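What follows is the residue order along each chain.
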Amino acid sequence: MPTRRKVLAWGAAAAAAPALAGCGEKVGAARTTTATRRRPGQKVTLTFWTWVPLQKAVALWNKQNPDVRVDVQTVPANTSGGYQKMHSALTAGDPPDLAQVEYYALPEFMLVNGLTNLSEYGADELKGAYVDWQWQQGVFAGKTYAIPQASGPMGLFYRQDLFDKWDVEVPATWDEYRAAAVKIKKRGSLITAFPPANAQWFAALPWQRGARWVTTEGDTWVVDLTSPESLEVADFWDGMISDGLVSPIQDSQSAFFKGLQTGGLATWPGAQWYDALIRGNAPRTEGRWRVAELPQWERGAHASSNWGGSATAILQGSRHPVEALEFAHWLNTDPAAIDLLIAAGYGWPAARMELAGSALGKPDPFFGGQRYNEVFQLSDRNVDTSWRFAPTTTQSYAHVQDAFGRVLAGHGTLADALKDAEGKFVDDLKAKGLEARSAR
Amino acid sequence: MSTSVKPSGTAATRGRRRGRPDRKAWAFLGPFLALYLFAMVVPVFYAIYQSMLKVERNGPMGLGEPSVGFAGFENYSLALQQETFVDGFGRVLLFGLVQVPVMLLLALVLALLLDQVSHRWAGLLRATYFLPYGIPGVIATILWGFLYVPGVSPVTDVLGDLGFQPDFLGYDNVLWSIANIVVWQFAGYNMLIIVAQLKSVPQELYEAARIDGAGPWQTALHIKIPLVRPALVLTTVFSIIGTMQLFAEPLVLKKVAPAVTTDYTPNLSAYFDAFANANLYLAAAKSVILAVVAMALSFGFLSLVTRKQRSER
Numbered sequence: 001m002p003t004r005r006k007v008l009a010w011g012a013a014a015a016a017a018p019a020l021a022g023c024g025e026k027v028g029a030a031r032t033t034t035a036t037r038r039r040p041g042q043k044v045t046l047t048f049w050t051w052v053p054l055q056k057a058v059a060l061w062n063k064q065n066p067d068v069r070v071d072v073q074t075v076p077a078n079t080s081g082g083y084q085k086m087h088s089a090l091t092a093g094d095p096p097d098l099a100q101v102e103y104y105a106l107p108e109f110m111l112v113n114g115l116t117n118l119s120e121y122g123a124d125e126l127k128g129a130y131v132d133w134q135w136q137q138g139v140f141a142g143k144t145y146a147i148p149q150a151s152g153p154m155g156l157f158y159r160q161d162l163f164d165k166w167d168v169e170v171p172a173t174w175d176e177y178r179a180a181a182v183k184i185k186k187r188g189s190l191i192t193a194f195p196p197a198n199a200q201w202f203a204a205l206p207w208q209r210g211a212r213w214v215t216t217e218g219d220t221w222v223v224d225l226t227s228p229e230s231l232e233v234a235d236f237w238d239g240m241i242s243d244g245l246v247s248p249i250q251d252s253q254s255a256f257f258k259g260l261q262t263g264g265l266a267t268w269p270g271a272q273w274y275d276a277l278i279r280g281n282a283p284r285t286e287g288r289w290r291v292a293e294l295p296q297w298e299r300g301a302h303a304s305s306n307w308g309g310s311a312t313a314i315l316q317g318s319r320h321p322v323e324a325l326e327f328a329h330w331l332n333t334d335p336a337a338i339d340l341l342i343a344a345g346y347g348w349p350a351a352r353m354e355l356a357g358s359a360l361g362k363p364d365p366f367f368g369g370q371r372y373n374e375v376f377q378l379s380d381r382n383v384d385t386s387w388r389f390a391p392t393t394t395q396s397y398a399h400v401q402d403a404f405g406r407v408l409a410g411h412g413t414l415a416d417a418l419k420d421a422e423g424k425f426v427d428d429l430k431a432k433g434l435e436a437r438s439a440r
Numbered sequence: 001m002s003t004s005v006k007p008s009g010t011a012a013t014r015g016r017r018r019g020r021p022d023r024k025a026w027a028f029l030g031p032f033l034a035l036y037l038f039a040m041v042v043p044v045f046y047a048i049y050q051s052m053l054k055v056e057r058n059g060p061m062g063l064g065e066p067s068v069g070f071a072g073f074e075n076y077s078l079a080l081q082q083e084t085f086v087d088g089f090g091r092v093l094l095f096g097l098v099q100v101p102v103m104l105l106l107a108l109v110l111a112l113l114l115d116q117v118s119h120r121w122a123g124l125l126r127a128t129y130f131l132p133y134g135i136p137g138v139i140a141t142i143l144w145g146f147l148y149v150p151g152v153s154p155v156t157d158v159l160g161d162l163g164f165q166p167d168f169l170g171y172d173n174v175l176w177s178i179a180n181i182v183v184w185q186f187a188g189y190n191m192l193i194i195v196a197q198l199k200s201v202p203q204e205l206y207e208a209a210r211i212d213g214a215g216p217w218q219t220a221l222h223i224k225i226p227l228v229r230p231a232l233v234l235t236t237v238f239s240i241i242g243t244m245q246l247f248a249e250p251l252v253l254k255k256v257a258p259a260v261t262t263d264y265t266p267n268l269s270a271y272f273d274a275f276a277n278a279n280l281y282l283a284a285a286k287s288v289i290l291a292v293v294a295m296a297l298s299f300g301f302l303s304l305v306t307r308k309q310r311s312e313r
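In order, the protein sequence lines correspond to chains A and B. So for the first sequence, my numbering puts the first residue at 1; every next one is plus one. So for the second sequence, my numbering puts the first residue at 1; every next one is plus one.
Just so you know, these hints were derived from the structure itself, not from any lab. Treat the hints with care, as some may be off.
[Said to hold, decoys possible] Below, a list of computed lysine-lysine pairs in the BS3-like style, where the Cα atoms sit at most 30 Å apart:
no., chain 1, residue 1, chain 2, residue 2
1, B, 255, A, 185
2, A, 362, A, 165
3, B, 199, A, 258
4, A, 419, B, 24
5, A, 63, A, 85
6, A, 165, A, 63
7, A, 43, A, 165
8, A, 258, A, 362
9, A, 430, B, 255
10, A, 143, A, 127
11, A, 127, A, 362
12, A, 186, A, 165
13, A, 85, B, 255
[To be verified] Some chain B residues close to chain A (C-beta under 7 Å, calculated; not the full set):
no., residue
14, 55
15, 261
16, 275
17, 277
The structure presented is a predicted model; accordingly, all values stated were derived computationally and were not measured. The C-beta atom is built at its ideal place from N, Cα and C for all residues, glycine as well.
Next comes chain A alone, as it looks inside the complex:
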């Protein structure tokens, strides 16, 4: 019979056990990737966490590769819960083999040692099949850590029917955009929404102007949210907000979609992959939408930028990196897979391909028969690809969003908000043990 003292002692020992185990605490991923040797004919299952509806492409793979089954598990999109789940799984040492990770989040996953070095498994030979700047998003210190899937070149979605009805010209410059906004407001509508809590969207605007929020200098991260280019863009939108020319609502939410359905919002400066969202959420507006180049800061220019884009990553801890890499490459380059992904609205392909031969090159009845992807093709070629993401983007862009939220509540200007966020951005990097400074 155990005495009470013994029971208490066991209890204390049990409580101490994790503390002792903690001495071997690792940073980030608790398990490292190793390739399990596979006997010929042995079946493996790869788990794939994603929020992109790519089940059809995966079903095709599973049909063609009965030995390497891919099991898609849908997780909430990015910071709505998907990344949280991935980080937890990495820390717990039980990650999925494959995961959807956006370009901006790749440095964050690198910082927690969350990605498998794919160069060890021959990924570098695949480089030629991809658009170079998208491939470079997954390259760190000369090694490849992710297979690019798609990007999001920006364009202007607009309602041709309303523009005709109201006799508004499609704006070619931001000045014209503002003039159009004034006209549209007189008709009881608004030209677009300004989503305060979407710094990824906003960042695409100074990106187009030529700003670089993050650069590196030796080992130091340099943060520059307040360059003249960024402030010019901020001032422009400050004016739009204070004159009530834009709706201060969050994008991709019920109220926003209602605006797209009813014509309450007449345009949307969005990424190519937004086509599927408009199609899916405002189906009755079929035939009324068109796509134009993003309005320009200098007339006649073709400056563009990118919003979003993601890669297929093989998380640290996979037991089947070879098979996972094979699948990731197939998914993102096989013409049949790409056509299925395009149908699902996954974005602008990272694979080098001919637009004309793919589903992207067809005239689209939803856009009134326009070959609207020709606009995005031009946009994609004109993206300034020197934009970089810091390893604290989620956190630091949240500061931008928090500050923008205050602006829309009537406290200060977007320019002030960017100044405020810049200091916090630097602090975030320092808190992670990185060298960082403000650019000015």
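Place chain B on chain A using the hints.
This is chain B only, laid out in the frame that chain A set:
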């Protein structure tokens, strides 16, 4: 009411029982204690331990092999230096100061009214008031979210037609929109605790009051309310803890309300540090700070109430 206990066992065995707890009692407590130890005590100590660690980075761009080092109280000072994290405490305190009294007053009034209505209706009404508690907080917030978002909500439409321009999700209002959800959800639950206490009030007291000529108002003020005091204290303590831990409602509303920042409440701040910023150590420190504050407030309130009680005697 109470079942009479047969005087079993000799004086000797009873004496031993008083000396130290029975083994059988330990056997019954065992499963609970084991779970409590595993799910509460161990994680608490692990969190305290983790809160004293930090990541040390090496190599070019800090992307080399990192290691874990001892941080002492660095994470705590870092957390307390974050203005927005400290502001979060102010926000939940303000929230609690308004929301807890409103909710408990409502619960008390509902309980007293229920005590007055006939038995036939009491059951149905009690279930109706209690129903919101049965809806998970996340779902309740999604439902309320639809009522708050302009352009979708029928409420804002109707109020808009009447000439009001309510901005339920605005920077200054969203806290009270959250308070509304919490009141809606928990008033019925707290009402039930008060009702249970009211049921245990001996009928003789009411009879005596009636003989002394007390009306329903006086009975409520001088008999019922003083006698449900323990239930009010209990529900207040629960509500204080619940307020400090405010999490699901702001997290869900965040999607539609940009005014809800990542540091809106201390719990939200810790969550984003742990899972979005992958900084478990800072998150652990923030959680410990939150636990300490919640404990201080709960015990502070309890000692305030009991001291008053003692001085009254």
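Hint check: residue 63/A vs residue 85/A, CA-CA at most 30 Å. Holds or violated? Distance ~29 Å between residue 63/A and residue 85/A Cα, so the pair holds.
Quick check on residue 55/B please, does its C-beta sit within 7 Å of some C-beta on chain A? The hint holds - residue 55/B has a Cβ within 7 Å of chain A, the shortest such distance being about 5 Å.
For residue 419/A and residue 24/B, compute the direct alpha-carbon distance and say whether it is at most 30 Å. violated (66 Å)
Regarding the pair residue 165/A and residue 63/A, is the alpha-carbon distance no greater than 30 Å? Measuring from Cα to Cα gives roughly 50 Å; hence the hint is violated.
Residue 143/A and residue 127/A: Cα distance at most 30 Å? With a Cα-Cα distance of about 12 Å, the restraint between residue 143/A and residue 127/A holds, given a limit of 30 Å.
Pair hint residue 258/A and residue 362/A, alpha-carbon separation not exceeding 30 Å: holds (28 Å)
Would the hint linking residue 43/A and residue 165/A be met if the CA-CA limit is 30 Å? Not satisfied, since the Cα-Cα distance of roughly 61 Å exceeds 30 Å.
Pair hint outcome, residue 199/B versus residue 258/A [Cα-Cα no greater than 30 Å]: Violated, at roughly 51 Å.
Given residue 275/B as an interface hint, is its Cβ closer than 7 Å to any Cβ of chain A? holds (4 Å)
Would the hint linking residue 127/A and residue 362/A be met if the CA-CA limit is 30 Å? holds (27 Å)
Does residue 277/B pass the interface hint, meaning its C-beta sits closer than 7 Å to a C-beta of chain A? holds (4 Å)
Take the shortest C-beta to C-beta distance between residue 261/B and chain A; is it under 7 Å? holds (4 Å)
The structure shown violates the earlier hints numbered 3, 4, 6 and 7.
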